[in-house]
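Protein chains: 2
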Amino acid sequence: MDFFFNPQAVALVGASAKRTGANLVHNLKQGYEGEIYPVNPNYQELGGLTCHPSLAQVPGPVDLAIALVPARFLPQVLKDCGAKGIRGVMIQSAGFAEVGTEGLALQQECLSIARESGIRLWGPNCMGLVDVYNRRFFTFMHPYITEVLNHPGRISLVVQSGMLSAAFLPETVDRRSIEVNKVCSIGNKCDVDECDLLPALIEDETTGAIGLYLESLPRGRLFLELAAASPKPLVVLKAGTSQRGARAALSHTASLAGDARLTLGLLQDAGVHLANDFHHLIDLCRSLATSKDLSRGSRVAIMTFSGGSGIVTCDLLEQRGMEVAELSAQCLEALQEVYPPWMPPANPMDIYPAMEQVGRMKAFHAAARAALQDPQVDLLMIHHFIGLDDEDLDLARLKQMADETGKALAFWGIGFEGPARKFRIEAERLGIPVYSELTRAVDCLAAAASWQGPRQPGPLPVVPPRDTRPAEPVASGARVSLDEFASKTMLAGWGLPMVPELAAQTLEQAREAAVRWGYPLVLKGLMPQVVHKSELGLVEPEVNGPEQLAEAFERLQEKLKGQGRVLVQPKVRADYELIVGYLRDASFGGCLMLGLGGLLTELVPDVAFTLAPLKPGGAADMLSRLKASDLFQGFRSLPPVDLEALADLLARLGQGAAASKEVEQVDINPLLISNGKPVAVDATVILTQPPHEDETA
Amino acid sequence: MDFFFNPQAVALVGASAKRTGANLVHNLKQGYEGEIYPVNPNYQELGGLTCHPSLAQVPGPVDLAIALVPARFLPQVLKDCGAKGIRGVMIQSAGFAEVGTEGLALQQECLSIARESGIRLWGPNCMGLVDVYNRRFFTFMHPYITEVLNHPGRISLVVQSGMLSAAFLPETVDRRSIEVNKVCSIGNKCDVDECDLLPALIEDETTGAIGLYLESLPRGRLFLELAAASPKPLVVLKAGTSQRGARAALSHTASLAGDARLTLGLLQDAGVHLANDFHHLIDLCRSLATSKDLSRGSRVAIMTFSGGSGIVTCDLLEQRGMEVAELSAQCLEALQEVYPPWMPPANPMDIYPAMEQVGRMKAFHAAARAALQDPQVDLLMIHHFIGLDDEDLDLARLKQMADETGKALAFWGIGFEGPARKFRIEAERLGIPVYSELTRAVDCLAAAASWQGPRQPGPLPVVPPRDTRPAEPVASGARVSLDEFASKTMLAGWGLPMVPELAAQTLEQAREAAVRWGYPLVLKGLMPQVVHKSELGLVEPEVNGPEQLAEAFERLQEKLKGQGRVLVQPKVRADYELIVGYLRDASFGGCLMLGLGGLLTELVPDVAFTLAPLKPGGAADMLSRLKASDLFQGFRSLPPVDLEALADLLARLGQGAAASKEVEQVDINPLLISNGKPVAVDATVILTQPPHEDETA
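Chains as they are written, first to last, in the numbering used here: chain A, 3 to 699; chain B, 3 to 699.
Certain hints may be false.
Which copy is meant is left open, so a pair is good if it fits within one copy or across any two.
[Claimed, not checked] The list that follows gives simulated cross-link-like pairs (lysine-lysine, DSSO-like), each with its CA atoms no further than 30 Å apart:
1) Lys-617 with Lys-663
2) Lys-679 with Lys-561
3) Lys-629 with Lys-617
4) Lys-563 with Lys-663
5) Lys-535 with Lys-679
6) Lys-573 with Lys-561
In short, the hints are calculated from the structure, not lab data.
The task is simple: from the sequences and hints, build the whole structure.
This is the structure we're talking about:
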């Protein structure tokens, strides 16, 4: 990808003296030090540079071309690029897949030409690359950006939306004074996608955190592997999470997964931070870009000029799982020296009375020093009103003090716009985040404090060029759900712990179950293709003696009308129930799901996801992400869940399902936890093609 | 309260030529048209006004005094005020309850003097009143505010924090360009509190929504009654919701209630909107201030210049229960006229290609008109980039179009600060809210759309002067929890549906239960003062025959060692379980709780509250606020809950508990729902004093 980020020479195909074509020439000249070759037969010269009638006539070697000509000319441009030996082309023109089937066909044609010529395509329908650090503005955006983006920050972005680069970027810089490093606008991403760009940004020393706005994740599994190995924090805003497009639900696993829940759950599993909207994305990024400082711990000292904002901050910290630090005796003593006698020092440190007593800056610095030197404090959060008083804080000195004591610093700053802007820029450049809303501040600080480095440390996976052949039509082979007995026979074969059971054709056989396991028993009627048995009255949940057994057996036989068998199991007494599932996803491959079971969780789902096969520690990770995670550690004198047994079950499920190509979904519901041990009580396996009778019966 | 808001003459006790004393005189002169009498023996004249050596020497009648003298002089000032016939005093000095016990004593002394003299006290330790509409600046705040607050908005605030008025207000005006109407800073609120001020603000025609920052709610029940009757929307930021101060949990009800959950739950029940922090409070207020427009429905048309922000908006709308409108055929046709042929019109309406095709303003107005005229649209949300292009939108015309079609309008506006500020002010004055973050926009629009007017329409309750006598020491009478049998006997007496049961001393008596109800049975050992029976092994959850009965009875007798009885009940088969409770709260009085029962809900509580006695519709309201509310309407072919029976149970619980003074808490856990009917299976009543043996046994 280096020819996109560090080209030796750039050809601008479609440069002109007007509008976007002129912007392109202008922007390239604002810092790019390689050769710039405008190409356009209608001009001799553009912006003081010689303009060439065609690519063939460009004198020197070229490794990157930026194309901004009407879409229909692109196939020829790409052929010319190939002939010129150009390695990368950014197509910034629109008129491709986004305008319908004709545009899509044109896009596919371009892609084929590029593949044949060994060219990587960036775009089309994109804004290209803005690299503030190296002052490379490979884009037709308004030249305004080359003026305002005059200082690199530590945030780099990959965005699949023109808005984010063309409109949101100026807003971010102008109104929020947030500085970025690199912005990659990848548009339709017909070839180069987020997976291609991530390694370059991860390896870029001047980038601290990476934010991505994504509408699709064509190489989902690869993306997760890159994210899990990234030593830099990633933030993703995933668009298109509404239910409209959710697949039809054949199993609980698919229904609980939905498209969005699966994607978001897997991103979390890979250690990715999730954003709700564009501003949240940027705020998370700037916090995480300084996370080396912020992730030192979650014990927060609050220094404020207002009792009210101190209390609200405590409330918010507790909601987000942060801790209001218990100040040490030494810190409290130091505070007492500047506090008025009537005021007992505490956290939040309300220093307003101290300011009145000993002067504003003296109180401020004394309290800040006391908190930063306190071994029971990880982070000092300062509430500050900017711009009413002209005495300036010495932010550099404050940061130095924090660095010396190994502590983190953050500001909640309110006040007047002019001074606030100056303050924000100065602080952020020093690596001190400044927030304007308290809730956002605590949200970002909690995200940063939770960042513990890569989930799967190690070398980044190698990113192959994307397979851009048009997707093969989905096999129309019917989905078949195995009945409970067949499903569990398969799962038992993989070594999963199952409730014992027998399939009875006659009452005589059913009675044998009573002899083996005693009462109470559970009876279920098995009918081909019926998954939701209880809704058809095919479950007898508790049979307590020989008479009830005979009655229940007869009731079921009547319903089955000779079309099925009766399954007989001992009733398992459980402490609680889980649901476990496997799902083969087009983008992510095999995925495992673990969640709370029971009726309520269909209404208020509590599920976690990970990639199959299960990673070491993966079961514990998933459990810890459930809202009810305390349940599994021995809540209310329940026996804690046997984590090893649960991990073993999930590992076997992942391996077994992966090994048989035709397994598309597995639903173990419920998985009961009895004295800490998991046991599968009901299960459904869904196959993409009918298995042979003898494999499952 | 009229003498606070509309005084005929104001005395400024402690006015001076310096700092805050000078601010006071200056601020009063910026619009107040009544007489202003500075009082200070050290000056002859202040700010061009005659300064009087004492209140007694002020020539005319005075109805309001603002006191800004050291705290210790206040008792004398109040006596002088009484002698002068002054009705209201705003104490803006600090040094009272907030500085410890001595200050508290001084505050109490002032209060006694005020009561004797018929004076209402506002403050102390407050910033007074800012009334932008009438230009009354009854405050020592920096005179800057009289310059920037030059146009009244429709938001009025009651704040219990100096920060909110002195620091947050300038920020709100300067950086967010949000305009306020009245700000009441009530400080320690030793006498005048939010309940006193609410009626004035509710009746103020120029106020559209009221925001309150509250650290305490001394007259909680009255506040809820005012809120429920308010025809104007209220927003509350309640500080101090963290668990630190939560009371020790004697019952599940108290534990699930916590201090915060109860307060926030009751506020929701009264129709109050809850804010997370200061900016959220203001954003909710400005949205709700235009709620006459916004509450027309929740079908949203999105007009955007960016596919990406359109998709993200859809995601957020769905998360918040709003609807992405299905556009009518007529609307789609109108859009097609300005759209390029390749682009099928849809919602979100991405009008960027149309702008390229027919020009920016033509596309904008055509699409806006089409959406506003669509009968399937309630609200048009416009994404707009402000300030890159100089063509201006005609906001007034747009608003007129919306008014004519009876539709609501809102903007998500990003762009450059200078033009954005101007745009925001113009739009907000027209009653069109402008948001800068998408998540906040959708959150506020959903809140406004949900506002349906007062919960309890009718006249506002009369607000009596607060009983400001020091609270009587809490009675030290021990709390006593009745055992299950005694508790349920009491509840059965109130007419609640209980599971049948008998208390057995002998196995013989227990066998009688089997004869009456058949198996399975449940046996419980009753020990005095034991609430959590199952943790002591005192519950035999399922007894299936005579042998098991004998064994279970013996096991329990062993554990009881002759100290208790054995309770025998038929086992109830339930569809799901609830928890119901009653709680007597110091601030709110009797409260009812309804929540999901079972193990999980202790980890992830799902509960709702209302005041006892139950209002008509109160049970349905509570059910609808539970996260799992779909459960009760016949989810997955379960019989729907019998709402009438549940309401009857709650009404009886509220009445019964209210009628017996000593009942402090009642816990019905679980309340099983069996074929839709509620039946109480276990219960605990907690009394503040021991009842006589014969009342409960």
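Quick rundown of the hints versus the structure:
Taking CA atoms no more than 30 Å apart as the test, Lys-617 paired with Lys-663 passes inside one copy only; the shortest distance there is 21 Å, against 60 Å between copies. Only between protomers do Lys-679 and Lys-561 lie at most 30 Å apart by alpha-carbon distance; the minimum there is 28 Å, versus 34 Å within a single protomer. When the C-alpha separation of Lys-629 and Lys-617 is checked against a cutoff of 30 Å, the pair qualifies only within one copy, where the shortest distance is 21 Å, while the shortest distance between copies is 33 Å. Taking the shortest alpha-carbon separations for Lys-563 and Lys-663, neither the intra-copy value of 34 Å nor the inter-copy value of 63 Å comes in at or below 30 Å.
Taking identical chains as interchangeable, the C-alpha atoms of Lys-535 and Lys-679 lie at most 30 Å apart whether they share a chain (25 Å) or sit on different chains (25 Å). When the C-alpha separation of Lys-573 and Lys-561 is checked against a cutoff of 30 Å, the pair qualifies both within a copy, at 22 Å, and between copies, at 28 Å.
When each numbered hint is compared with the structure, a violation occurs for hint 4 only.
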